[in-house]
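A.B. asks: Whenever a hint applies, use it, and build me the whole structure from the sequences.
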Amino acid sequence: MKMKRFSAAVTVAMLTVAGCGRGTQTSQETAAGTPGAADATVAQAVTDFPRPAKPSKAYRIGVSIPHLANPHYVGQAYGYIDEAQSLGAQVTLLEAGGYEHLDKQVSQVEDLIASKVDAIIIAAVSGPGTIGAVEAAAAAGIPVINVNVMTDSDKVVTRIRSDDDVIGRMQADFMGERLKGAGNVVMLRGAPGTSWAEIRGNAFRKQLAAKYPNVKVLGEQYSQSTPADGLRLMEDFLQTFPQISGVYNGADSTAVGAAQAVKGAGKVGSIVMTATDFQLDTEKFIREGVISASVLQQPVTMGRWGVRAAISYLEKKPVPPVMFTGLMTATKENLDSLDLTAVRAPARWTPPTR
Amino acid sequence: MTDASPFLQLQAIVKRFPGVLALNNVGLDVVPGEVHALLGENGAGKSTLIKVISGVYRPDAGTIQIDGRPVDIRTPHDAQALGISTIYQEFTLAADMTVAENIFLGREPLRVRALSIVDRKALIRQTRDVLGSLDLQIDPEATVKHLGVAQQQMVEIAKALSLDARLIIMDEPTATLTSHEIDRLFEAIARLKQRQVAVIYVSHRLDEVKAVCDRATILRDGTFVAAVPVGSTTIDEMIRLMVGRDLKDKFPKVKSEPREEMLRVEELTRKGVLHGISFNVRRGEIVGIAGLVGSKRTETARAIFGADPIDSGRILLRGTPVSVRTPGDAIEHGIALVPEDRKRQGIFATLSVWENVVLSALRRFSRKGILDVRREKQHAQEFVASLRIATPDLEKRVLDLSGGNQQKVVIAKWLNTNAEVFLFDEPTRGIDVGGKIEVYRLMGELISRGAAIVMISSELPEILGLSDRILVMREGRICGEFDRADATEENILNCALRGAA
Amino acid sequence: MPAVIVALAIVFGSINPNFWSATNLANVSRQMSILALLALGQTFAILSGGIDLSVGSLLALVSVICAQQMKNFGLFEGITAGIVAGGLAGLVNGLIIARARVPPFIATLGMLVAARGAALTLSGGLPIAGLPREFLVLGAGYIGPVPIPTVIAAVAFVLAHGILRRTRFGRYVYAMGSNEEAAVLSGINVANYKMLVYITSGLFAGIAGVILTSRVISGQPTLGEVQELYSIAAVVIGGGRISGGVGGIGTTLMGVLVLGILGNGLNLVQVSSYIQNIVIGVIIVGAVYVDLARERRR
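Chains as they are written, first to last, in this note's numbering: chain Z, 2 to 355; chain X, 2 to 502; chain E, 510 to 807.
Think of the hints as simulated: they come from the structure by calculation, not from any bench.
The calculated lysine to aspartate or glutamate pairs, modelled on EDC-like cross-linking and capped at a C-alpha distance of 20 Å, are: (1) X:Lys344 with E:Glu689; (2) X:Lys211 with X:Asp184; (3) Z:Lys317 with Z:Asp49; (4) Z:Lys156 with E:Glu643; (5) X:Lys378 with X:Asp394; (6) X:Lys297 with X:Asp342; (7) Z:Lys333 with Z:Glu289; (8) Z:Lys207 with Z:Glu221; (9) X:Lys397 with E:Asp800; (10) X:Lys344 with E:Glu690; (11) X:Lys369 with X:Glu333; (12) Z:Lys285 with Z:Asp337.
Derived CB-CB ranges, DEER-like: (13) E:Gln779 with X:Ile118: 53 to 63 Å; (14) E:Pro612 with X:Ala143: 28 to 38 Å; (15) E:Ala663 with X:Lys272: 50 to 60 Å; (16) X:Arg364 with E:Leu597: 22 to 32 Å; (17) E:Val622 with Z:Ala266: 27 to 37 Å.
We put the CB at the ideal spot given by N, CA and C, even for glycine.
C.D. replies: Quick look at the structure:
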């Protein structure tokens, strides 16, 4: 456990250092990656980014995302492709096959560089791991847009993501309220080495400590972002800590698994579970009351903004260095009144498998 | 018998492999109830011909007729359907299944057809019938792996019969049998003849051919030489037809006066295997070791060579005790082992001729582990020439050489290590007549150069023809020693069987 | 096989002219270098009649150790530690195979699982970031127009070829794989040379791991999944016999080129990565089939 915290701290430090090398934009850049400066970020980050005018040229944009096994990324893929259509651009969408295939994503970015795309959008499999690839693109004169999961490099044009810090705090606030200020929580943080897993988890811990000191974190685990990992880890947690009253999930992929573990242990109703995002299973478990709340990101918006940022940059229009897409909380109560157009791809839409 | 219309008739069969014309215009006809020998040196094309008949290879040209009708044998299954069964040297029985299950494998009598439930009683009964027709006393419910080699062979024959075979091909059927077992095999063959089943009999043992076969087809270098009635052809004539020349002396013995003692083995013991083995060999001497299969002759050689551990006893070279714990030690001391199973223990089939020849002597061709390949090849070339190894070039894989030439490659490997003590274990097994004589010539050359040779052999004429002295082993002990002058097949066999000279 | 490679290159080049661009060729060769190094080690293992399933996991273990030592002690120390770690893991494989006589498949399967576990344990499951920027040069730099990983892989190929064809060790590798029993009876110290085989494989995995660490400029415990299978594929596609004794650096190079060009080319002509996997699977089986068919016709 000690080792993990140490490494996490290092990651954050890297972000800070990286940000420092960039002159005038330093403060915002640093803020983006640093949970500690979250309040300042919210104030400075752009929270709306309208569609630019359709350019005369048909730009070729390469997109590399971690995988398509999660509806979150399917929504994002829809955002890229639909927006590109509106702007007359052509998107090459590549997926690395999972967070464990860093080498594949690096190779994919290199291939995109070699095929001379006009811009590259990357949702990083690993923050530090993609530095080399991103900087190689920058060196080749190809602008790189970071979406959703950040690369630990200052060579990106802009960072488009949810305010992960806010996601962590929203989950902490919900948890604290539901537990009435006292309880025992475990954390399934998600994919190790990703900005979202780090920032959300850290913010969750910090917020709990500040506002609900009697809600204790008993343990935390990183894992690949899959239901299977969530199920396995949660079953083990339930064995280790019978007194669990709350479960935090950095992403809903682990939550879907964890929910099954909670059901299996017959603890539905006695455990408060929070998550991020909104797969169909997540919706189902919220309806059943197994998952208590999920913070919904807007992956479709992320995709759209990614393409808008790339084209704006290529058209020499200003692009803000940090942009936050919107968030909302889904609970059993508001489930049927949510507007999901920015959250999910249309029901029948499937990503192009070229 | 040759007047009957043939069951199988091959005409002008041609089979090419890359770089080799394996069969060139070969013909063969086999009539029902006939035992037909297929003779020829290794590499003459016997195996290829058998494989053509049994559907393993397809000929490039020529016709095959069965009962006068042309047929196309594409697979072993086709051959079986046409009534042709083949019994290979390595049996194809399932070792963990019973005799009955093996004989009717895939054709079990069923009680409930739809559910594939085997009718065990019928299975056993039918197996008894088949075994009985060959007058065999084998339990249908015995597990095959618990049977002896000879009995397994009988099961193969029974299986062929149960498949309504009209022709059974036997490839070296007596290679691993004792003489008593060979008699039983001949009885079984006689019964096959009565039932008008034809047999193609492939063997190097011409005395057996003489005893059991009606006609012989002789091949040489992939061509048809002659088809002769066995009854009126002498063994010498058959050999002449096979090798294309007269063999004046089957055992060319080089005269060599034994000199000082080279190797002495004292009380070599390995618990449960070897019991106090003691003997010596002098320079210029061949000591033959005779004995039945299982008398631990191979184990003796392996122990001397350091391939198997010993519990007690010692080995002396030139009067000095030496420690031999590994084959590497043995080689260092100038001991060489030409093992009995050439394919499994002797050659590196996928490596080239030259790589095989120099393999045990790489230290001589390397400095600090770096090889001088040019010198290696030069050296190998000299051995290929002096041993008359028949290979188109040095790069040829040993796999593609004939048995006799493979054995020469193994011998060349040891000549390279400057060995002075040679342990030959069945040096001519599976080698054709011409090849045997070459190996004998080499052995003669070795002793005339002052080497000492221990030769293990199951072929008594070989033992008697070459050895200066003969040791007989039985159950891990040396039970007798004969001078060349006193030794006869009779007294050696007597000793090997009963343990007394 | 060379004809296949040329054909692939022509097809990809005609569909997407970028295939022949200097950047892309540099690219393909850089990407291939990791697999190439693993395949070299695998060539030794397979030629000797064994197999090394651990090379993929070793990438991760090497990466983590390299990154940790680099942060603690410095650039050179980290690189050395990574390569040594690979060699040591190979030594453990070798001891288990040669001394304890556990079949190579099982011994290295154990190492596959254990090395991954060790990488995750040492790193706590997290990437190790904050490596010195200069380290990036190893994976991303160039010597002239040629990427440094390509240069390293090329040197390694020449070296390995020399070892296999010009040293006693190399000859014994072939001999063991061709006929182990005959090798023993020919006086070869089979146990020692087997150890050397797996140490060699481990060292190549170590070098590959260090380069990969540089490419991702961080220690990553999840690197190298299924790379061991691709390294085996590279060996057999070119014509190496899976049971040993036949093949060599030349055939392995062919295999690496086919896999590398295929992967890059299919990306460039925009074939989905799912379909790419199907293509690669078919090629693995097809190449070995063609080889066997050629052998049977003899």
